[in-house]
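Enquirer: Taken in order, these protein sequences are the chains called A and B. Numbering-wise (this note's numbering), the first sequence opens with residue 1 and increments by one. Numbering-wise (this note's numbering), the second sequence opens with residue 1001 and increments by one.
Please note that the accuracy of each hint is not assured.
No farther apart than 20 Å at their CA atoms in a straight line, the calculated lysine to any residue pairs in the SDA-like style are these [to be verified]:
id	chain 1	residue 1	chain 2	residue 2
1	B	LYS1002	A	PRO114
2	A	LYS116	B	ALA1004
3	B	LYS1006	A	ALA115
4	A	LYS116	B	SER1181
5	A	LYS116	B	LYS1002
6	A	LYS116	B	ARG1182
7	B	LYS1002	A	ILE137
8	B	LYS1308	A	GLY139
9	B	LYS1308	A	ASP135
10	B	LYS1006	A	ASP135
11	B	LYS1002	A	ASP135
12	A	LYS77	B	PHE1183
It is worth saying that the hints were derived from the structure and are not from the lab.
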Amino acid sequence: MAAMNILETRGLTKTYAGLKANTDINFVLARGKVTALIGPNGAGKSTFVGMVSGRTPATSGKVFFEGRDISALPAHKRIQLGLAYTFQITSIFPGLTLHENVALAARRILGGDPAKTDAKVRYVLERVGIDDRADQIAGDLSYGHQRLLEIAMGLAQEPKIFILDEPTQGLAESEVQDFIKLIRDLAGETTILLIEHNMKVVMAAADHITVLDQGMVLANGTPGEIHANPAVQAAYLGTADA
Amino acid sequence: MKDAAKSNALHFGVLATLLVLFFVLPPYHAGNLSRIMVLAIYAMGFNLVFGYTGLLSLGHAMFFAAGMYGFGLTANLAGWPVVPAFATGIVCAAALAAVVAALALRTAGVSFMIVTLMFAQTAYLVVLYFGEYTRGDEGFVVQKAARMIGEIDLTTDTARFFAAYILFAICFLGLARVIQSRFGRTLVAIRENEERTRMLGYDAQRHKLYAMILSGAVSGVAGAAYAMLFGYVGATFASVQYSIFPLLWVLLGGAGTTIGPLIGVLFMFYLIDFSSSFTNAYMLIAGVALVLLTLFAPHGLAGLVRRKVFAWLP
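Construct all of the structure, not just a fragment, from the sequences and the given hints.
Expert: What follows is the structure, given as structure tokens:
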């Protein structure tokens, strides 16, 4: 069990002034797979990954990473263990160059060695396809490129789990296709938790899907199973016979 | 790598220029250089937290004063020789910075400004309260014995210049190195986007604490050096005015640049020196210059140069 699942949550709950954003979520993340977390707006997806990454303190429940209880660790310690997180609303260092943005991510794991850091930066920028812009100021990039930069910053950390919060939001159709390809490429190297609205991306990229609705787990399964699940269809389409 | 070579050339060039200036300038201006360098050390300490880490402290006078009184009181009251007294000044400033930062860093933004301001006011009042030892506003003159390193008499112009020069060079080159290090880069990251820095796995809080301690220690070096070289210790240096000065110098010279603090101090010093030679309302002229600079060079003089000409400026 521990070998299969890199991350587990047990009874994870978040309450905002009496309002339950997440209720008793038991979730497992299979190692080396792409798992998508989907659900209608307000289903509690971002709250959930916030609690996993440590950005949002949980009201109750536990988070286990590689079998270890990390519920009490602050966000930066969880990141140090091998979790990488990309923000739903792009969060980069707008005043610094792309190179320095990624170098900051790489330096934490590589230490002070500039040559190693440099090589790593070039490699990940090339991988997401923006290596020709390494010396530009990040704030001057188009939105799509900023999203790619965020992914590059995640990759530079060589994460064991890579959490992507709505990564394709605001991307052009062609960029979305490239993104799906990138995710499939990464699938063998790391474990990916994908929070995504775009069902086309989810169906094409995910090995496994967990559906949240009203702060609770509604369904689990392969893309095919989820696609055929009447409860999921009801949650999304609002039919009465759920 | 090329940028690193350029910034090295710049830093050594600045130091060489200062040295040459001392020998070619008339005695009055050569003497001013010592004071400018000591105040620039203070500005550099402030720049580390304000310019690089993005923390606006309005209470740095307490660290300057801690260095000053740590040196002055141990030298005068306990009769300590220069070196241990000077070291005490630095330790006092660093320790005060550690305590104040541990508390003040629980806040951010405007609250941080107010908390540091309040701590500095407290420090100022403490100096007045212990007037029996500190002589309050009136201050005291540092004994001649505490202004001698062995046979070197620091009250002479040449010795004073070289003492200030060596301290300045150590802080200037040392801080330039810190900025280039992983630690320094992380401080810049915190300034740019603290939440992102944390979510890259850095302990932002600890980095800010260390930056404050280092900044406090450097400010303490300036305070102790001021007392040692100019022979006077007084409560004015703990007042709010001396918390605002480094902010002005750094803003004028260029926040977040290694040479900005020196440029800012130099500019302001001569602006006041020059305007006071023909009018009593010299602060008015200083004020107008400040307004113009903030309007037309909001990133300071060095910041302007970085934007327009040398993007590599450290």
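Enquirer: Against each hint, give a clear statement of whether it holds in the structure.
Expert: Now for the hints, and whether the structure bears them out:
| no. | hint | result |
| --- | --- | --- |
| 1 | B:LYS1002 to A:PRO114 | holds, 13 Å |
| 2 | A:LYS116 to B:ALA1004 | holds, 17 Å |
| 3 | B:LYS1006 to A:ALA115 | holds, 19 Å |
| 4 | A:LYS116 to B:SER1181 | holds, 15 Å |
| 5 | A:LYS116 to B:LYS1002 | holds, 17 Å |
| 6 | A:LYS116 to B:ARG1182 | holds, 13 Å |
| 7 | B:LYS1002 to A:ILE137 | holds, 19 Å |
| 8 | B:LYS1308 to A:GLY139 | holds, 18 Å |
| 9 | B:LYS1308 to A:ASP135 | holds, 17 Å |
| 10 | B:LYS1006 to A:ASP135 | holds, 17 Å |
| 11 | B:LYS1002 to A:ASP135 | holds, 14 Å |
| 12 | A:LYS77 to B:PHE1183 | holds, 17 Å |
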